[in-house]
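In order, the protein sequence lines correspond to chains A and B.
Sequential numbering from 1 applies to the first sequence in my numbering.
Sequential numbering from 111 applies to the second sequence in my numbering.
It is worth saying that the hints were derived from the structure and are not from the lab.
Every value quoted in this text rests on a predicted model; they were computed, and no experiment measured them.
Among these hints, one or two may not hold up.
With a straight-line Cα cutoff of 30 Å, these simulated DSS-like cross-link-like pairs (lysine-lysine) come out [unchecked claim]:
#1 A:K79 - B:K188
#2 B:K124 - A:K105
#3 B:K188 - A:K77
#4 A:K105 - B:K234
#5 B:K116 - A:K95
#6 A:K69 - B:K194
#7 B:K124 - A:K73
#8 A:K83 - B:K124
#9 B:K188 - A:K105
#10 A:K69 - B:K173
#11 A:K74 - B:K211
#12 A:K74 - B:K173
#13 A:K95 - B:K173
#14 B:K211 - A:K79
#15 B:K211 - A:K77
#16 B:K234 - A:K69
#17 B:K163 - A:K74
#18 A:K73 - B:K163
#19 B:K163 - A:K83
#20 A:K69 - B:K211
#21 A:K74 - B:K222
#22 A:K69 - B:K116
#23 A:K83 - B:K211
#24 B:K188 - A:K74
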Amino acid sequence: MGLMVEGKELDTDEEGYLLDLNDWTRAAGAELAKTESLEMTDSHWEVIDFLREYYDEYQIAPAVRVLTKAIGKKLGKDKGNSKYLYELFPYGPAKQACKVAGLPKPTGCI
Amino acid sequence: MSSVIKQFLYVNRKAPYGTVYALESLEVVLIGAAFEQDVRLLFMDDGVFQITKGQDTADIGMKNFSPTYGALGDYDVKYMYVCKQSLEERGLTVDDLLDLKWEDEDEDWAEKDSIILVDREEMKSLMTDADVVLSF
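All chains should be modelled from the sequences, with the hints used to inform the complete structure.
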């Protein structure tokens, strides 16, 4: 199974997560968002960029609780709550946002 | 989610690469911490190499997972004990270890050191005080 991005097929797992995070581009993120039926806005991308930076530094995708806390610290308290994140990513911020960000599913994802 | 919080002590005794113990331990630590348990780590014997600075795994074809220890503070893991004797026996000092911190929410996110050096006597009481001891 793969994901077509700008005429190139990228490898994904059976749940549609990218196999190689180096394959990720903004365009790939937009295609991944379509598979999750997400209408991407600047607020969505802000979370995606945060996740990619977090992964780059720590080599893991954070658990939801950690993501919520860290977003609150970085982007402001009004965004650091699960209501805000679930409004952006209704089927789970960790699961959906990590997928769009091209990251593996987070450890301890529930 | 369960409201009972137990104190877990993860004892890490093996070098980071060559066996899968260190990585498996780290995965379970992350899961335990995601479930908001009181998670503490103890590094002893060759396990102290798991948190040394400047690890480079390019030539052994394995992922360098040492940056992930830096995320544990975000998971409210505040106590990472390191056996003093094990460091000395390997010619290491605390300066050879990663600079691991956690942030104290009650003190305006003041950064605090996670690494605490302990001797073998203190390790005994750490193990006695924990509800669950998992050795890797």
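Now for the hints, and whether the structure bears them out:
1. A:K79 - B:K188: holds, 25 Å
2. B:K124 - A:K105: holds, 27 Å
3. B:K188 - A:K77: Judged against 30 Å, a Cα distance of about 23 Å means the pair holds.
4. A:K105 - B:K234: violated, 37 Å
5. B:K116 - A:K95: holds, 27 Å
6. A:K69 - B:K194: violated, 33 Å
7. B:K124 - A:K73: violated, 35 Å
8. A:K83 - B:K124: Roughly 42 Å separates the two Cα atoms, so the pair is violated.
9. B:K188 - A:K105: holds, 25 Å
10. A:K69 - B:K173: holds, 27 Å
11. A:K74 - B:K211: This hinted pair holds, its Cα atoms lying about 17 Å apart.
12. A:K74 - B:K173: It holds: about 28 Å lies between the C-alpha atoms, which stays within 30 Å.
13. A:K95 - B:K173: holds, 22 Å
14. B:K211 - A:K79: Answer holds: K211 (chain B) to K79 (chain A) is near 24 Å, not above 30 Å.
15. B:K211 - A:K77: holds, 22 Å
16. B:K234 - A:K69: Between K234 (chain B) and K69 (chain A) the Cα gap is close to 34 Å, so the pair fails against 30 Å, i.e. violated.
17. B:K163 - A:K74: holds, 26 Å
18. A:K73 - B:K163: Holds, at about 27 Å.
19. B:K163 - A:K83: violated, 38 Å
20. A:K69 - B:K211: holds, 16 Å
21. A:K74 - B:K222: holds, 19 Å
22. A:K69 - B:K116: holds, 22 Å
23. A:K83 - B:K211: Status holds; Cα separation ~28 Å.
24. B:K188 - A:K74: Given pair K188 (chain B), K74 (chain A) holds - Cα atoms ~21 Å apart, limit 30 Å.
Violation of the numbered hints given earlier is confined to hints 4, 6, 7, 8, 16 and 19; the remaining hints are satisfied by the structure.
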